[in-house]
Amino acid sequence: MIWPPSILRVEIKNESHDFSLWLPLFVIWPFLLLAAVAMAPVVLALAIVLWWTRWGRPMLYSGPMFFAVFCALRGLEIDVQQRNQRVHLSFR
Amino acid sequence: MERSIMENNTRQILDMLAEGKIQVDEAERLLSLVSTEGEPADSRRSGENNRSSAKYLRVCVEPGEDADEDHAERVNIRVPMALIRAGVKLASLIPRSSADSVNEELRKKGINFDIGSLKAEDLDPLIDALQDLEIDVKDGQHKVRVFVE
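Sequences listed follow chains Y and F, in order. To convert, take the position in the first sequence, counting from 1, and add 817; that gives my numbering. To convert, take the position in the second sequence, counting from 1, and add 38; that gives my numbering.
Worth flagging that the hints you see were computed from the coordinates, not collected in a lab. If you're wondering where the values come from, they're calculated on a predicted model, not measured in any experiment. Check each hint, because a few of them may be wrong.
Unchecked claim - Partial pick of chain F residues on the chain Y-facing surface, computed with a CB cut under 10 Å:
#, residue
1, K93
2, V99
3, D108
4, E111
5, R112
6, I115
7, R116
8, A120
9, L121
10, K127
11, L131
12, I132
13, R134
Stated by the list, open to error - Derived pair list, reagent style DSS-like, types lysine-lysine, alpha-carbon separation capped at 30 Å:
#, chain 1, residue 1, chain 2, residue 2
14, F, K181, F, K147
15, Y, K830, F, K181
16, Y, K830, F, K93
17, F, K93, F, K157
18, F, K127, F, K93
19, F, K176, Y, K830
We put the beta carbon where it would ideally sit given N, CA and C, even for glycine.
Bound-form chain Y, shown alone:
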């Protein structure tokens, strides 16, 4: 099972700023779960209504797909450096 990322690390450094932040993403997991449970009946009803148009299927699957993308962010790392400047972003 793939778990959503639990920590987002952001680091921005230049001549005037040195900023490093560890965001505990696991704090928002329960809120995401609550939002998903609350939205599920609405999305399901809309998907049934719109099934015969081209938007029913995307409506039904987009929630789980976005969640899959969110989970897949774990391990993403972007690091750009130039002389005294650095931007670093990583999901763990």
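For this one, chain Y is given, so just place chain F on it according to the hints.
Leaving out everything else, chain F in the frame of chain Y:
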């Protein structure tokens, strides 16, 4: 035992073709299915291992030999394969009419790509193929490496 079953299936397909019960295309498709069934289980398993072994797509940019120290950039990007898979699956949900609009915008920017042709089932062969990929570009200013690990 498995071999004789395979030969039996092949013979049946050829008989059906000879009797005109199936077309050549259909026979070709069935024969390819039979030959896939006949593949040793080990080779199929090794394919699955390959799939799981590629975890990340890496893009690294480093300054070249002639690079100006003040402007030398280092870029290190690690993209999980799971993110690529999830992104393609998400893109495959885009309805055809919206995909056409996206294609049109991409074409305006000089990218001739049909986003509607992205299919989740085509992804595994693509990722398998990516495992053998290693791009190394060097000029005086930059060294660029794209690879899978």
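Hints versus structure:
no., hint, result
1, K93, "holds, 7 Å"
2, V99, "holds, 9 Å"
3, D108, "holds, 6 Å"
4, E111, "holds, 5 Å"
5, R112, "holds, 4 Å"
6, I115, "holds, 5 Å"
7, R116, "holds, 4 Å"
8, A120, "holds, 4 Å"
9, L121, "holds, 4 Å"
10, K127, "holds, 6 Å"
11, L131, "holds, 4 Å"
12, I132, "holds, 7 Å"
13, R134, "holds, 7 Å"
14, F/K181 <-> F/K147, "holds, 26 Å"
15, Y/K830 <-> F/K181, "holds, 24 Å"
16, Y/K830 <-> F/K93, "holds, 29 Å"
17, F/K93 <-> F/K157, "holds, 20 Å"
18, F/K127 <-> F/K93, "holds, 17 Å"
19, F/K176 <-> Y/K830, "holds, 28 Å"
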